[in-house]
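There are 2 protein chains.
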Amino acid sequence: MKKMTAGIIGGTHGMGRWMTGLLRAQGLAVSVAGRATKTTAVDLAGRCDVVVVAVPIAATAGVIREVGPRVKPGRLLMDLTSLKTEPVALMLSHSEADVVGCHPLFGPSVSDPAGHSVVLCRGRGENGYALMKAVFEKAGYRVLETTPRRHDKMMSVVQALNHFNTIVLGMAVAEAGIPFPELQPFSTPIFTTKMEIVRKVFTDTPGLYADILAGNPHTKKILASYARVAQKIRARADARDTAGLTRAMEDAAKTLF
Amino acid sequence: MKKMTAGIIGGTHGMGRWMTGLLRAQGLAVSVAGRATKTTAVDLAGRCDVVVVAVPIAATAGVIREVGPRVKPGRLLMDLTSLKTEPVALMLSHSEADVVGCHPLFGPSVSDPAGHSVVLCRGRGENGYALMKAVFEKAGYRVLETTPRRHDKMMSVVQALNHFNTIVLGMAVAEAGIPFPELQPFSTPIFTTKMEIVRKVFTDTPGLYADILAGNPHTKKILASYARVAQKIRARADARDTAGLTRAMEDAAKTLF
Numbered sequence: 001m002k003k004m005t006a007g008i009i010g011g012t013h014g015m016g017r018w019m020t021g022l023l024r025a026q027g028l029a030v031s032v033a034g035r036a037t038k039t040t041a042v043d044l045a046g047r048c049d050v051v052v053v054a055v056p057i058a059a060t061a062g063v064i065r066e067v068g069p070r071v072k073p074g075r076l077l078m079d080l081t082s083l084k085t086e087p088v089a090l091m092l093s094h095s096e097a098d099v100v101g102c103h104p105l106f107g108p109s110v111s112d113p114a115g116h117s118v119v120l121c122r123g124r125g126e127n128g129y130a131l132m133k134a135v136f137e138k139a140g141y142r143v144l145e146t147t148p149r150r151h152d153k154m155m156s157v158v159q160a161l162n163h164f165n166t167i168v169l170g171m172a173v174a175e176a177g178i179p180f181p182e183l184q185p186f187s188t189p190i191f192t193t194k195m196e197i198v199r200k201v202f203t204d205t206p207g208l209y210a211d212i213l214a215g216n217p218h219t220k221k222i223l224a225s226y227a228r229v230a231q232k233i234r235a236r237a238d239a240r241d242t243a244g245l246t247r248a249m250e251d252a253a254k255t256l257f
Numbered sequence: 001m002k003k004m005t006a007g008i009i010g011g012t013h014g015m016g017r018w019m020t021g022l023l024r025a026q027g028l029a030v031s032v033a034g035r036a037t038k039t040t041a042v043d044l045a046g047r048c049d050v051v052v053v054a055v056p057i058a059a060t061a062g063v064i065r066e067v068g069p070r071v072k073p074g075r076l077l078m079d080l081t082s083l084k085t086e087p088v089a090l091m092l093s094h095s096e097a098d099v100v101g102c103h104p105l106f107g108p109s110v111s112d113p114a115g116h117s118v119v120l121c122r123g124r125g126e127n128g129y130a131l132m133k134a135v136f137e138k139a140g141y142r143v144l145e146t147t148p149r150r151h152d153k154m155m156s157v158v159q160a161l162n163h164f165n166t167i168v169l170g171m172a173v174a175e176a177g178i179p180f181p182e183l184q185p186f187s188t189p190i191f192t193t194k195m196e197i198v199r200k201v202f203t204d205t206p207g208l209y210a211d212i213l214a215g216n217p218h219t220k221k222i223l224a225s226y227a228r229v230a231q232k233i234r235a236r237a238d239a240r241d242t243a244g245l246t247r248a249m250e251d252a253a254k255t256l257f
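As they're listed, the protein sequences go chains A and B.
Mapping the first sequence onto the working numbering, position 230 (from 1) lands on 230, and the numbers just tick up by one.
Mapping the second sequence onto the working numbering, position 153 (from 1) lands on 153, and the numbers just tick up by one.
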């Protein structure tokens with residue numbers, strides 16, 4: 001039997017490269033298109049059984065519009081971005097192929113699948129979805145199925161709110177007027193952990209975190225809620241209302257844990 | 001030679017218990033006063049060579065006022081709180097003993113001293129300071145000497161700003177309207193790490209974190225700066241200004257790392 005073929009657009013870096021390795025390990029013949037490859041996205045779209053769009057969020061819509069019409073019915077078109085509503089809608093409207101929206105909930109440096117999940121959103125067709133579910137589960141990842149809308153709502157907390165919180169911490173520390181090397185010896189375990197996250201977000205791929213924050217359709221609402229909470233806590237801290245602060249944490253803990 | 005004696009007020013819990021173990025391991029005869037012990041703070045203050053105040057921040061001033069006058073000149077009075085300006089000033093004005101302000105930059109669950117630091121602030125006298133420096137260094141901790149004022153300025157970033165950031169994240173997640181157990185499967189490694197910190201702060205000793213936040217003399221200024229930064233980043237996210245967000249992170253990274 002002929003090997004199944006996959007084309008990874010943006011397969012030379014990040015999650016695209018990770019996906020390339022994953023599919024090769026499962027016996028697929030994988031071709032890659034990147035900014036520096038001779039093979040183009042259009043080449044792959046016209047000839048592969050599975051076409052994966054793994055370019056940065058900002059470039060995703062353009063690539064889907066370009067390659068979508070070239071992926072034939074019965075084949076699979078899938079994206080890997082951290083947002084799902086818009087990319088899945090675009091894949092459905094610009095292609096007649098099977099469509100799956102995919103979001104691995106981890107970065108390309110993760111080497112052990114244990115404890116890591118991949119979100120899959122059904123777009124169109126059963127075969128493509130079943131194939132990808134099997135691929136990720138066989139590799140050891142947990143597959144979570146949800147709708148694009150619910151995915152983006154979850155990610156407005158897990159990613160947008162979370163990264164906003166990290167960005168504001170990092171910038172506030174930068175503006176505190178104490179050079180970081182002077183601060184570092186005085187670090188506690190919690191501060192060290194949080195500044196490692198700031199370092200990752202600010203120096204790894206800041207553009208990705210900016211896209212995730214600015215691109216989520218629920219960001220405006222969740223940041224408005226963050227601002228209200230911050231104002232409330234700040235007023236209590238300024239008033240030295242330690243009892244009120246303690247109660248606020250205890251009440252939130254009851255909701256959360 | 002008679003063993004050196006130490007009295008730990010609040011020695012039955014938390015950092016007081018940790019200090020008890022540390023001094024016993026170095027051969028001192030350590031007595032402990034707590035809410036449930038027959039031995040009182042006043043007993044210890046009158047008879048020990050080293051008297052350590054290890055009660056919660058909110059109770060510290062009262063204990064210093066009570067025991068300070070009973071610690072004899074030439075002996076040592078030391079506190080363990082996360083703030084240094086007020087406790088050191090109080091120990092100096094309410095006692096004629098040697099005075100040291102001490103802040104271990106970690107929690108009582110830390111078992112390995114490697115990589116962990118203890119801040120010492122000289123209050124009065126050389127002997128007490130030299131003794132404590134030797135004790136912590138012999139146990140394997142790094143000793144950082146600074147003034148109470150500089151300590152509290154550092155901690156306004158390392159602790160007050162940091163814990164404020166944690167508290168606001170936890171409360172905003174609680175108010176997002178998605179039950180946490182539903183959110184958890186969708187967690188990324190960064191979100192998991194940050195929610196473990198929220199859990200620790202909200203459920204371990206929320207009162208301690210409230211005291212650290214509300215009690216630091218620099219909190220008002222640092223939270224005002226946090227609010228300004230948050231407002232700026234929120235405006236950029238709402239405007240979907242990913243280039244501006246990315247540049248802000250890159251600029252801050254240059255200052256920080």
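No lab work stands behind these hints, which were simulated from the structure alone.
It is possible that part of the hints are untrue.
Each pair may be met inside one copy or between any two copies, as identical chains are not told apart.
Unchecked claim - Below, computed lysine to aspartate or glutamate pairings styled on DMTMM-like, alpha-carbon distance capped at 25 angstroms:
id	residue 1	residue 2
1	K2	D241
2	K200	D238
3	K221	E182
4	K133	D49
5	K3	D49
6	K2	E66
7	K2	D238
8	K254	E175
9	K254	D204
10	K138	E250
11	K2	D204
12	K232	D251
13	K2	E182
14	K200	E250
15	K232	D204
16	K232	E175
17	K138	D204
18	K254	E126
19	K138	D241
20	K138	E196
Structure-based check of all given hints:
no.: 1; hint: K2 <-> D241; result: neither (70 angstroms within a copy, 47 angstroms between copies)
no.: 2; hint: K200 <-> D238; result: between (31 angstroms within a copy, 23 angstroms between copies)
no.: 3; hint: K221 <-> E182; result: between (37 angstroms within a copy, 19 angstroms between copies)
no.: 4; hint: K133 <-> D49; result: within (16 angstroms within a copy, 68 angstroms between copies)
no.: 5; hint: K3 <-> D49; result: within (10 angstroms within a copy, 80 angstroms between copies)
no.: 6; hint: K2 <-> E66; result: neither (27 angstroms within a copy, 86 angstroms between copies)
no.: 7; hint: K2 <-> D238; result: neither (69 angstroms within a copy, 49 angstroms between copies)
no.: 8; hint: K254 <-> E175; result: between (34 angstroms within a copy, 12 angstroms between copies)
no.: 9; hint: K254 <-> D204; result: between (35 angstroms within a copy, 13 angstroms between copies)
no.: 10; hint: K138 <-> E250; result: neither (42 angstroms within a copy, 39 angstroms between copies)
no.: 11; hint: K2 <-> D204; result: neither (39 angstroms within a copy, 59 angstroms between copies)
no.: 12; hint: K232 <-> D251; result: within (14 angstroms within a copy, 29 angstroms between copies)
no.: 13; hint: K2 <-> E182; result: neither (62 angstroms within a copy, 42 angstroms between copies)
no.: 14; hint: K200 <-> E250; result: between (30 angstroms within a copy, 11 angstroms between copies)
no.: 15; hint: K232 <-> D204; result: between (33 angstroms within a copy, 22 angstroms between copies)
no.: 16; hint: K232 <-> E175; result: both (22 angstroms within a copy, 13 angstroms between copies)
no.: 17; hint: K138 <-> D204; result: neither (29 angstroms within a copy, 39 angstroms between copies)
no.: 18; hint: K254 <-> E126; result: neither (41 angstroms within a copy, 48 angstroms between copies)
no.: 19; hint: K138 <-> D241; result: neither (53 angstroms within a copy, 39 angstroms between copies)
no.: 20; hint: K138 <-> E196; result: neither (32 angstroms within a copy, 29 angstroms between copies)
When held up to the earlier numbered hints, the structure conflicts with 1, 6, 7, 10, 11, 13, 17, 18, 19 and 20 and fits the remainder.
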